[in-house]
Amino acid sequence: MIRDYFRVLTIDLTAGQSTIVEVDGRNEVAGGSGLAALLFNKYGQKDGQWDDPSQPLIFTIGPLTGYFPLMSKTVCAFKSPYHNQYAESHAGGRSALALRFADLDAVVITGKAAKPVCISLGSRHIEIKDVHYLWGMDVYTTGKYLRHMFSGSGHRSILRIGPAGERCSPMAGINADSYRHFGRLGGGAVMGSKNIKGIAIQGDAAFLLPDNNAYPKLFEEVYKQLTDTDMMTKYHNLGTPSNVMVLNDLKALPVRNLQQTSDPNISGISGEKFAEVALLRNNACSGCPVGCIHIGFVRERFAEDNRYLYRQVSYDHEPIFAVGAMLGVLDCFKVLDIIDVVERMGLDVMSAGVALAWATEALEKGIISEAETIVPMRFGYAGGYKEGMLHLAMGTNEFYQVLSRGAMVAAERYNGKDFACVLGQEMAGYATGETFFVGQALGLRHSHLDSSGYSYDQKPGVKDASVAAEFLVRDEQGRVFLTSMLSCLFARGVYTDELLHRCLNSLGYDQLANSIPQVSRNIQKLRWRTKFETGYDPKSVSIPKRFSEVVTWKGKIDTEYMQALKDEYAKKITELGLDGD
Amino acid sequence: MKVLIAPRMERCIGCHSCSLACARLVHKRLSWDTAGIRIRTSGGLSTGFEAKTCLACDPAPCVLACPTCAYSQRKGGGVIVRKKLCIRCGACAKACPVDAIYLDPTGEPFVCIHCGRCVKYCPHDCLDTKEVVTDAPGSEQVKETQ
Numbered sequence: 079m080i081r082d083y084f085r086v087l088t089i090d091l092t093a094g095q096s097t098i099v100e101v102d103g104r105n106e107v108a109g110g111s112g113l114a115a116l117l118f119n120k121y122g123q124k125d126g127q128w129d130d131p132s133q134p135l136i137f138t139i140g141p142l143t144g145y146f147p148l149m150s151k152t153v154c155a156f157k158s159p160y161h162n163q164y165a166e167s168h169a170g171g172r173s174a175l176a177l178r179f180a181d182l183d184a185v186v187i188t189g190k191a192a193k194p195v196c197i198s199l200g201s202r203h204i205e206i207k208d209v210h211y212l213w214g215m216d217v218y219t220t221g222k223y224l225r226h227m228f229s230g231s232g233h234r235s236i237l238r239i240g241p242a243g244e245r246c247s248p249m250a251g252i253n254a255d256s257y258r259h260f261g262r263l264g265g266g267a268v269m270g271s272k273n274i275k276g277i278a279i280q281g282d283a284a285f286l287l288p289d290n291n292a293y294p295k296l297f298e299e300v301y302k303q304l305t306d307t308d309m310m311t312k313y314h315n316l317g318t319p320s321n322v323m324v325l326n327d328l329k330a331l332p333v334r335n336l337q338q339t340s341d342p343n344i345s346g347i348s349g350e351k352f353a354e355v356a357l358l359r360n361n362a363c364s365g366c367p368v369g370c371i372h373i374g375f376v377r378e379r380f381a382e383d384n385r386y387l388y389r390q391v392s393y394d395h396e397p398i399f400a401v402g403a404m405l406g407v408l409d410c411f412k413v414l415d416i417i418d419v420v421e422r423m424g425l426d427v428m429s430a431g432v433a434l435a436w437a438t439e440a441l442e443k444g445i446i447s448e449a450e451t452i453v454p455m456r457f458g459y460a461g462g463y464k465e466g467m468l469h470l471a472m473g474t475n476e477f478y479q480v481l482s483r484g485a486m487v488a489a490e491r492y493n494g495k496d497f498a499c500v501l502g503q504e505m506a507g508y509a510t511g512e513t514f515f516v517g518q519a520l521g522l523r524h525s526h527l528d529s530s531g532y533s534y535d536q537k538p539g540v541k542d543a544s545v546a547a548e549f550l551v552r553d554e555q556g557r558v559f560l561t562s563m564l565s566c567l568f569a570r571g572v573y574t575d576e577l578l579h580r581c582l583n584s585l586g587y588d589q590l591a592n593s594i595p596q597v598s599r600n601i602q603k604l605r606w607r608t609k610f611e612t613g614y615d616p617k618s619v620s621i622p623k624r625f626s627e628v629v630t631w632k633g634k635i636d637t638e639y640m641q642a643l644k645d646e647y648a649k650k651i652t653e654l655g656l657d658g659d
Numbered sequence: 471m472k473v474l475i476a477p478r479m480e481r482c483i484g485c486h487s488c489s490l491a492c493a494r495l496v497h498k499r500l501s502w503d504t505a506g507i508r509i510r511t512s513g514g515l516s517t518g519f520e521a522k523t524c525l526a527c528d529p530a531p532c533v534l535a536c537p538t539c540a541y542s543q544r545k546g547g548g549v550i551v552r553k554k555l556c557i558r559c560g561a562c563a564k565a566c567p568v569d570a571i572y573l574d575p576t577g578e579p580f581v582c583i584h585c586g587r588c589v590k591y592c593p594h595d596c597l598d599t600k601e602v603v604t605d606a607p608g609s610e611q612v613k614e615t616q
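As they're listed, the protein sequences go chains E and G. Throughout the first sequence, residue numbering follows my numbering, covering 79 to 659 in sequence. Throughout the second sequence, residue numbering follows my numbering, covering 471 to 616 in sequence.
Worth double-checking, as some hints may not be accurate.
[Unchecked claim] Below, in silico cross-link-like pairs of lysine-lysine (BS3-like), each with a Cα-Cα straight-line distance of 27 Å or less:
no.: 1; chain 1: G; residue 1: 522; chain 2: E; residue 2: 302
no.: 2; chain 1: E; residue 1: 603; chain 2: E; residue 2: 124
no.: 3; chain 1: G; residue 1: 553; chain 2: G; residue 2: 498
no.: 4; chain 1: E; residue 1: 295; chain 2: G; residue 2: 472
no.: 5; chain 1: G; residue 1: 498; chain 2: E; residue 2: 302
no.: 6; chain 1: G; residue 1: 472; chain 2: E; residue 2: 302
no.: 7; chain 1: E; residue 1: 312; chain 2: G; residue 2: 590
no.: 8; chain 1: E; residue 1: 623; chain 2: E; residue 2: 541
no.: 9; chain 1: G; residue 1: 564; chain 2: G; residue 2: 472
no.: 10; chain 1: E; residue 1: 222; chain 2: G; residue 2: 522
no.: 11; chain 1: E; residue 1: 302; chain 2: G; residue 2: 553
no.: 12; chain 1: G; residue 1: 498; chain 2: G; residue 2: 554
no.: 13; chain 1: G; residue 1: 590; chain 2: G; residue 2: 600
Calculated from the structure, these hints are not laboratory results.
Build the full structure now, drawing on both the sequences and the hints.
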């Protein structure tokens with residue numbers, strides 16, 4: 079529904095009460111990322127602990143969600159168990175369109191249910207259902223039961239957590255519709271802390287379109303641009319795993335806990351190899367004709383007389399980097415095997431993979447022993463990692479409990495900080511150089527998606543910390559407007575400010591359309607202010623020594639330049655965060 | 471006379487572009503429900519997708535079930551719906567053997583009109599139209615059109 083305010087469903091699990099709240103601010107924060115920050119400021123306790131029942135778990139969509147192609151993502155915001163600061167995590171799947179057709183711009187969940195529950199909501203219903211019997215079940219099994227319990231096949235989204243979320247692991251993600259995730263910074267733990275096993279969103283409303291020809295005409299133009307050009311080929315052909323070989327050739331792929339940046343045998347886990355032998359089919363997020371979700375299969379022989387079971391496992395560059403290259407596992411089926419365990423347990427695959435990479439090197443160096451890891455761990459040994467992932471999810475012993483709070487937390491406890499590949503949180507799959515390392519380490523989401531430092535690193539140019547820091551700030555500003563619309567960032571090449579202006583205009587959001595630069599700046603400041611007010615101090619972020627030892631196609635990392643860039647970027651985001659406007 | 475067919479649903483990726491196009495272009499709505507074609511999973515995302523759309527029956531059970539003559543038989547298969555005559559009883563949806571008719575919360579029915587406008591929005595070419603030649607009653611010949 080097109081409206082100049084936000085229609086927000088609030089659910090208080092302690093009281094078992096829900097209500098609809100109309101929140102102003104469309105022309106100031108747009109939706110998505112901006113709306114999430116606005117709602118956190120309204121409902122969150124900035125000084126409180128992340129698991130205080132009063133803290134909100136927020137889901138938001140944007141003004142263009144469902145109205146244009148690739149406007150298909152949802153923002154999840156919460157106070158993170160990873161660092162106790164404001165956090166955002168984004169996911170595709172069906173939740174964005176399901177929320178649109180539930181006629182909601184946002185859902186805010188506060189309180190804590192007395193028993194494990196599943197929240198079922200739609201445009202004409204809300205139910206908080208006791209599902210204590212699902213507690214302990216893995217993500218796949220939970221999904222199967224929830225699908226039977228709630229109606230709306232094809233037009234609903236089912237978000238759920240696994241055992242990692244139930245035990246409030248800071249590495250627990252929220253699974254969205256089997257193959258997508260609100261993966262990073264512990265959203266799964268926030269659900270677990272509120273006793274929410276699942277959320278089923280049914281999109282069961284329809285809306286009249288603007289009474290003009292401009293909107294369908296513009297839709298046609300955008301759709302053509304997104305599907306007729308080869309702009310999106312990268313994402314639907316090999317998908318993001320095409321990065322594996324590209325980065326390996328550049329000597330910019332983190333391998334074996336970033337001891338290397340390439341490996342001669344990387345072709346075993348390249349995008350090309352996955353497509354050739356393991357790709358089963360593609361899926362799409364609702365409202366996106368690109369279909370970038372790549373689904374492979376794992377086959378397991380469970381009895382001697384040729385009895386097999388199989389599972390379908392989605393793969394992308396990041397999971398392949400995290401449990402493949404980073405763990406030295408260079409066989410695509412073994413990588414899928416490990417991802418499968420991670421998926422069932424409901425872990426953030428990136429943090430989990432990088433954490434076990436640190437554990438492996440720590441074990442090699444004798445800092446820890448098998449008394450800690452329980453299972454043997456060595457680079458390339460997938461069997462150890464499959465078991466290790468189970469222990470990490472379950473927090474089997476003190477070591478895994480500490481490790482699931484982050485590789486750096488474990489390194490502080492057991493030693494080995496120099497080689498903990500942590501940039502605000504466990505690193506993403508790019509070792510392109512100084513700009514990316516600083517961008518992730520200090521970025522608001524500590525994500526490779528905050529800004530394209532990895533791309534900046536690949537451009538020739540003079541090393542000027544001030545210019546690079548300004549690039550990170552500007553690039554982030556553009557991205558926060560897109561993630562407030564709420565676009566998939568794969569479409570960033572198509573959705574220019576000029577096109578977004580026309581899209582918003584065609585739906586009647588004239589004021590917003592005419593103020594994109596100011597609004598994107600507003601959103602950027604609001605998010606940074608929120609992060610700072612929940613305890614962030616960029617000066618306290620350090621970039622571990624391992625990142626200084628990296629050698630890429632450009633040669634050794636320039637540590638002096640990296641420090642200058644870090645200082646400059648910290649200064650700029652501090653200005654943004656402390657600016658009262 | 472053309473009818474819509476969905477011969478390659480094994481290729482479907484579940485993007486809903488077809489439903490959204492039908493709702494947008496035919497029914498002037500933003501919706502994945504109020505459309506003549508709707509995409510469902512056949513038991514979860516791991517089992518693929520199926521299209522709920524009119525199979526162009528002739529005679530159509532929904533026509534026979536409609537108590538107010540709002541539904542009439544379309545030449546070549548399918549139906550023509552005159553919504554002014556519809557009393558929102560839902561008998562059409564109950565009569566449809568393949569669940570192709572969507573009733574909105576007010577009971578208004580939405581069913582495929584076989585215009586084929588959704589076809590070009592499918593990125594994987596799952597959908598098509600076919601020409602139905604009706605030379606004489608009961609001797610329909612079918613040929614594919616591109």
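Hints breached by this structure: Checked against the structure, the only hint that fails is number 11, while the rest are satisfied.
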